[in-house]
Amino acid sequence: MHTSRAKGKQCFLVLRQQQFNVQALVFVNDKTVSKQMVKFAANITKESIIDVEGVVQKVAQPVESCTQRDVELHVERVFVVSASAPQLPLQLDDAARPEHDEEDASRPRVNQDTRLDNRIIDLRTTTNQAVYRVVAGVCDLFRATLTGKGFVEIHTPKIISAASEGGANVFTVSYFKNNAYLAQSPQLYKQMAIAADFEKVFTVGAVFRAEDSNTHRHLTEFVGLDLEMAFNYHYHEVLDVIGDMFVCIFKGLRDRYKTEINTIQKQFPSEPFRFLEPSLRLEFPEAVAMLREAGVEIGDEDDLSTPDEKLLGKLVKAKYDTDFFILDKFPLAVRPFYTMPDPNNPKYANSYDMYMRGEEILSGAQRIHDPEFLTERAKAHEIDIEKIKSYIDSFRYGCPPHGGGGIGMERVVMLYLGLNNIRKTSMFPRDPKRLTP
Amino acid sequence: MAVGVEEEVKSLVNFLGLPAYKVTTHGDLKVPQLQTSNGRTLMGLATISKFLAKSSASNGAKLLGTSPEEHAEIAQWLEYRVTVVDRSVEKKDVQAMLKELNSYLLDKVYFLGFHLSLADLVIYHGLHPVMCQLNFYEKQQYQNVSRWFDQVQHYPGVQQHLPKVVFVRNSLYTSFDH
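Those protein sequences? They're chains X and G, same order as listed. Using my numbering, read the first sequence as starting at 1 and increasing by one per residue. Using my numbering, read the second sequence as starting at 1001 and increasing by one per residue.
Chain X extracted, bound-state conformation (with noise of 0.2 Å):
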């Protein structure tokens, strides 16, 4: 029960489930409601669960308050299933109400850290509960579409013996006698797996980066889409299914949850996200000219910062009319040890970041499959051979040309719905000051 009103021989319910609003009247009649029932359902605390019995009307007027517009209930039975204590750590139209609003705008919100430590309630929300599903439409449209193509689903490891993706960030966790690591990445078991034979693989799982890293697009625990596949002539095969997946998603997300994004944007209008089909893929030097064009300062083989990308983001927004587009050939220098250089230009490697709204949401590359090469580029990168010896024995043994990327869930929703904090996709979130609830 959301909100209960009563004025005499009367009382007004709103009863709300998940998405969706309705009113209830509890009116007094001869038949059967009884002065008693509706001082019992007047005192029904907010957010208890209620069983009710009534019939349902159509209205005069629309009811301007509730997503159910034409209908209301007139209750002839009510059950209290669950009572919820009377005293809400927050109230539910605070929570739902936008940022923004001019004509509320002296009403309260919650913040953030309110919400989340009092995360059950919260979630409630109308705009939550739309929210989380887009979140699994997400994870329901990578699945099929791989799936489709053939891909197969596999899970790795998230307790590991070694740092994959170099030290600095990993969570340590103390493995009987010894210590064992919590996984960066999926990036080593994908290759093995394509060692394996099994050509095209995808994983959905925890990823785990000790990022002291305090901003809004930044968690240290988050669900990890990753893909990676063999491939027969050229690394764009991979490039090509990867764009042809995020059109699908965001297709999938535009057709088939409607509802659900008009929900969130009632509390968080944004402009809506735009794509192009075939994805847009522009190459490094490309972006540099156009940032040079702006007016930033960028040498040829430089990395893009944040802001850089910010600006590329709104540059490409500008001249395509696209929030997404795929960036190819990175140079070399910035990428890490296990990246294929292009064969035509050793200055630039065979990789790629891919972009939502002005921010990085996927890095991927053409892997190095041959052992030997690998261990020249791991020598140039002055890596400890020894610390990663098994991972390249895994390529001793014939393995297929081969390339991939990973994606991050919340961030890729958080930037689809035009969202500032990645908290707000993330259902329990982790940072470097949040382990509860």
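Read the hints as simulated data drawn from the structure, not as lab findings. Hints are supplied without guarantee of correctness; some may be wrong.
[Claimed, not checked] Below, in silico cross-link-like pairs of lysine-lysine (DSS-like), each with a Cα-Cα straight-line distance of 25 Å or less: (1) G:K1108 - G:K1062; (2) G:K1164 - X:K310; (3) G:K1010 - G:K1054; (4) G:K1164 - X:K319; (5) X:K158 - X:K389; (6) X:K310 - G:K1091; (7) X:K158 - X:K177; (8) X:K389 - X:K379.
[Stated by the list, open to error] From the structure, some residues in chain G lie toward chain X, with a derived Cβ separation under 7 Å: (9) V1166; (10) N1170; (11) T1174.
Glycine is no exception: its CB is placed at the ideal position from the N, C-alpha and C atoms.
For chain X, the structure is supplied; the task is to place chain G on it using the hints.
This is chain G only, laid out in the frame that chain X set:
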């Protein structure tokens, strides 16, 4: 203030096609001083600018305006440069100034209407360091100032030694961006 005021005066001299003058700065506030050909010293940016414009028979006359109202308006903007533009150091002062200029320039191509005048040159030099620091979002916010500034910096002979400020012609930011 007035880090490049000597350069500015020299730039104005070049623009007007005048022979070089001796320009120095005086005191802590770096007030510019110019020595004229008959040995007198003139002080102050507004004074020097008007003197130079008057000294250049053909180019200068247009810059000074053709009616008493135009003369007065130009004097007003020269005063604005010294009292407001040069003294706006704090972020909030700069923003207030840009807001004021932005609404003033809504319906004018140049400060006096349709023709370049001394007011444009002097405000251009005064605003140049400010415009260099603005990001693209701010440039879009103060759209009229950006449009006027781009117009003036492209006018033949104006920019000279100063770096060009880049403007993007498209709207990059929507009402949803902070």
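What hints, given by number in increasing order, does this structure fail?
As far as the earlier hints go, not one is violated by this structure.
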